[in-house]
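Undergrad: Protein chains in written order, with numbering that gives the first Met the number 0: chain U, 0 to 318; chain Y, 0 to 605.
Calculated from the structure, these hints are not laboratory results. Glycine included, each C-beta is placed from N, C-alpha and C at the ideal position. Hints are supplied without guarantee of correctness; some may be wrong.
Said to hold, decoys possible - The calculated lysine-lysine pairs, modelled on DSSO-like cross-linking and capped at a C-alpha distance of 27 Å, are:
#1 LYS82(U) - LYS329(Y)
#2 LYS223(U) - LYS237(U)
#3 LYS219(Y) - LYS158(U)
#4 LYS122(Y) - LYS170(Y)
#5 LYS176(U) - LYS170(Y)
#6 LYS464(Y) - LYS492(Y)
#7 LYS82(U) - LYS107(Y)
#8 LYS183(Y) - LYS122(Y)
#9 LYS436(Y) - LYS492(Y)
#10 LYS195(Y) - LYS105(Y)
#11 LYS199(Y) - LYS122(Y)
#12 LYS158(U) - LYS222(Y)
#13 LYS183(Y) - LYS195(Y)
#14 LYS464(Y) - LYS436(Y)
#15 LYS170(Y) - LYS107(Y)
#16 LYS492(Y) - LYS82(U)
#17 LYS82(U) - LYS219(Y)
#18 LYS176(U) - LYS227(Y)
#19 LYS158(U) - LYS604(Y)
#20 LYS176(U) - LYS158(U)
#21 LYS122(Y) - LYS38(Y)
#22 LYS199(Y) - LYS219(Y)
#23 LYS237(U) - LYS227(U)
What the hints assert, rightly or not - Beyond 12 Å from chain Y on every Cβ pair, some chain U residues (computed):
#24 TRP1
#25 PRO31
#26 GLU80
#27 ASP164
Stated by the list, open to error - Derived contacts from chain Y toward chain U, CB cut-off under 10 Å, selection only:
#28 GLN60
#29 GLU152
#30 ASP237
#31 GLY278
#32 MET291
#33 SER476
Chain by chain, the residues:
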Amino acid sequence: MWPYIARKLLYNIPVYLGIILIVMVCLRVNDPASAYVGKSASQEQYDKLRADMGLDEPFVVQYATFLRQVVTLDFSERSWEQKRPVGEILSASVLPSLSITLPALILTTLVAVTVSLVAAYLRGTVTDRMLMFGAVLGMSVSLLVYVVLGQYFGAYWPKQEYGIDLFAVEGYESILKGPGNWVKYCMLPVLITVVLTIGYDTRFYRAVIVEETSRDYVTTAVAKGATKPKIMFVHVLKNAMIPIITHVMITLPFLVTGSIVMETYFNIPGMGRTLITAINSKDFPVIQAFTAVFAAIFILSNILTDVLYALVDPRVRLS
Amino acid sequence: MTIKTKRSRLPRLVLAACILMGFVAGVQAAPDRDAKQTKTLQLPMRTDGPKSLDPAQGSTQYDNMAVSQIYETLMTFAYADPQRLEPLLLAELPTRSPDGLTLSFKLKPGVKFHDADCFAGGKGREVVSDDVFFSLKRLADGTYQYKNWWLLEGSIKGLDEYKATQNASGKAFDYDAPVEGFVKVSDREFQIVLTKPVFKFQYILTMFQTSIVPREAVEKYGKDFPFKAVGTGPFVLDRWQPKQSLSLVRNSAYHEVLYPARDEWNDEDRRRRLHRPAGQRVPFVDRIEFSMYVQEQPMWLQFQAGQLGYTEVPAEYFEEAFDKRTRELKPETSRRGVTAHQDALLDFIFQGFNMEDPVLGGLSPEKRALRQAIHLATDLDEINEAFYNGINEVFDGPIPVALDGHPKDGRAPQSYRGSDLPRARAKLIEAGWPEGKNARTGEQLVIRYYTSNAMLNQQQSEMLKRQIERLGVKFESVMVDFSTLIEACDNRKAPMFGFAWGSDYPDAENNLALFYGPNESPGANHFNYKRPEYDAMYQQILVMEPGPERTAIYEKMRDMLIEDCPYVGSMGRTRFYLMAPWILNCRPTERMWSWIKYLDVDDSKR
């Protein structure tokens, strides 16, 4: 397994360098200095700013400088917009994002797998159809509608009408300062995320499970007298794990990136909001560092997915 | 039987989960109850909030809002009358020498910086003349990318030379090197010698970028200085979570500043009992908590839930709170004890022309007629109704509401305000483009309009297109991000562009400077309007004191611009504020932000 991982890592180095190269080239299509130069700027001021930003250097030098920072994990360069070290900005944004995305992923996966098993088990019945109808309905409504209604009916209205102050309309306090903070500030965004994403996952998992039920081993199990629940929840579920794992693993890197809409509307200082703000203000140091970190996580999670295949399915061999 | 039992457990489990969550949330709620023992004021900040707490690096309104609580300028505008200057760190307003070149200042005694570990023994020391010189010299320091150098450029004797020498030396910036225009008389008295007797200089000293900072803090904290603010202001920085919240606590050693006296308030304000705490020492509250809101709904709901002291009224919620026709608060809002205030912003919203553009630019009668035709085809009232609930002010000329030179009722003697299509078509013929086609070649007139790609701009561009294309002219919108828009204007590539200017201080000179020839792109004169007669008048007003004579010249310049038509406009926003029943002494204004210290709260009304 280790030689496989080492080889995969080596193969991905050019991919990684390419990603960084493309992002840096794309960012430099337009000059960002004018966004920062301030009111009534002179040419001198403009030139000085470009020099301070390192934009007067040849592109190759800028690329090499950034690669050196990535290799040495030196993210001490300061954000152009926030003036804080990039590493500090990113590390401060990870926990708020994870406070939403991780519980949402766990909840969504647990509920979606359970519902899809039930739906597949009762395939063709009214229950199956109702579950799928609910799933389609959930994913058909815009996220913004959930957010607006969630803030009003989930947070504002219960407090105004009944004095129940369970969820905050917006804001964030770290879970490290008390578990109550998570319920108050993160629970509502988590529930909204679950409601929105559960439809996609349920439909996908149900399709996977239904496909598994037509395999020969299921017929064999029936012939051997295994009960239907045992076939579904033991045999079928285990064999359906590869697509489920693939789906979950693809999602993993996005846990770190957070949700732009959710973080913006709920005023949560996570990665999604940090990234969109950086893009809007052409804050290259933040965008580049974010891309470098995200690309690395994505590549590593792909390798990890392959490893997990081998662990859950003895038929898969890493070579 | 078994199945029944299992089913009956589910509601219990849900209930138990709710109770558990409520309990866990209650753990968090406890500090809130404690916090109510002190007077805490919760206020909103639109957008992501400040980018920096260093005055020298600040530029936005939100930087201003935050910095003005922690730092102070030498002078400010009076809360009761935001047109009037009053001393802040000064004992009295500066005096001018007969030639108007030398300003003499006396610092208020006993003003101390906040306690911080950059000072000996951690105790804040008294503000002295050298702090003023240091703070102003910082704007010349290349370390701060000259972000606010434009405020002082060319105005103080020897400062431009000092800037050039220091930044070219290749060594560390020497703040001890003398500047001819900075004359220290004593620790509490100093003079500033100007290059020209420009009146606007005193307004510059009210701007937050010129706030007084201690040298010790700048040197000790270095690049972290923007996050460890140490000023003389009424509040001390407690915690800043960028893009999320900013908490400030009362400065217990704040120098004596009294609430405006009764006779400083006008009748309307007195009716609203704003004079009630007259003569009392400020600040009144122990703590201020600013929350940043990128989106409007959370801010609106928080205000409705009584969690914010005031809020600006977002356009989409305007009719929820106000009667659109009368602009009065709806009875159901008033009944809750909520009050309202309108603040006319010093805005100049326009669609500019590049006067160097081969088609749209130029001062010949034909070119002028072409721009006038476009102006006449544009219906600003329709834009105002469609996008701003009709609450903006539409006016002629570039001078915002309430400033000297603003035309009476917004209408100048000569105007090209639309929509007046017959007149517009006549002007188009006069310009040699009948029905939008070149009279000689038959070429189609195409206008490329650059604006930033915000949703509102996209919608407004569509309306502009419909209005202007009624003349047979082809109108193409070029939607770009804001920095690209600036770049296009700086490089003179945008034939027509949508923009806005917020006045830096309440003097029309600031707006008239936008058309002063030497300020051409990449300066603030993005119109590249150059007319010697106009420039001569601008030079003249620079050194004039406010008065009828100066106002007459302002009007002459305004009318010259209306006739030459380097832009289509104008419009200015009126900000509507709602105030919670529990906030006291509140009359929001965006002209300065040092008024937060006058606010108080009545927790019994929460």
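Undergrad: With a cut-off of 27 Å on the C-alpha distance, tell me whether LYS199(Y) and LYS122(Y) pass.
TA: Roughly 36 Å between the alpha carbons, so the hint for LYS199(Y) and LYS122(Y) is violated.
Undergrad: Between LYS464(Y) and LYS492(Y), is the straight-line Cα distance small enough, at 27 Å or below?
TA: 20 Å, holds
Undergrad: Decide, holds or violated, for the assertion that all CB atoms of chain Y are farther than 12 Å from the CB of GLU80(U).
TA: 6 Å, violated
Undergrad: Next pair to validate is LYS82(U) with LYS107(Y); report whether the Cα-Cα distance is within 27 Å.
TA: Distance ~33 Å between LYS82(U) and LYS107(Y) Cα, so the pair is violated.
Undergrad: Please verify whether LYS176(U) and LYS227(Y) have alpha carbons no more than 27 Å apart.
TA: 23 Å, holds
Undergrad: Between LYS199(Y) and LYS219(Y), does the CA-CA distance stay at or below 27 Å?
TA: 34 Å, violated
Undergrad: For the pair we were handed, LYS183(Y) and LYS122(Y), check the Cα-Cα distance against 27 Å.
TA: 25 Å, holds
Undergrad: With 10 Å as the cut and Cβ atoms as the points, is ASP237(Y) at the interface with chain U?
TA: Since chain U brings no Cβ nearer than about 15 Å to ASP237(Y), farther than 10 Å, the hint is violated.
Undergrad: Is LYS492(Y) close enough to LYS82(U), meaning Cα to Cα at most 27 Å?
TA: 31 Å, violated
Undergrad: Is the hinted pair LYS82(U) and LYS329(Y) satisfied, with a Cα-Cα distance of at most 27 Å?
TA: Distance of about 44 Å is beyond 27 Å: violated.
Undergrad: CA of LYS158(U) to CA of LYS222(Y), is that 27 Å or under?
TA: Since the Cα atoms of LYS158(U) and LYS222(Y) sit roughly 43 Å apart, the hinted pair is violated (cutoff 27 Å).
Undergrad: Say whether it holds or is violated: PRO31(U) keeps its Cβ farther than 12 Å from all Cβ of chain Y.
TA: Not fine: 6 Å to the nearest Cβ puts PRO31(U) too close to chain Y.
Hint compliance for this structure: hints 1, 3, 4, 5, 7, 11, 12, 15, 16, 22, 25, 26, 27, 28, 30, 31, 33 are not met, and every other hint is.
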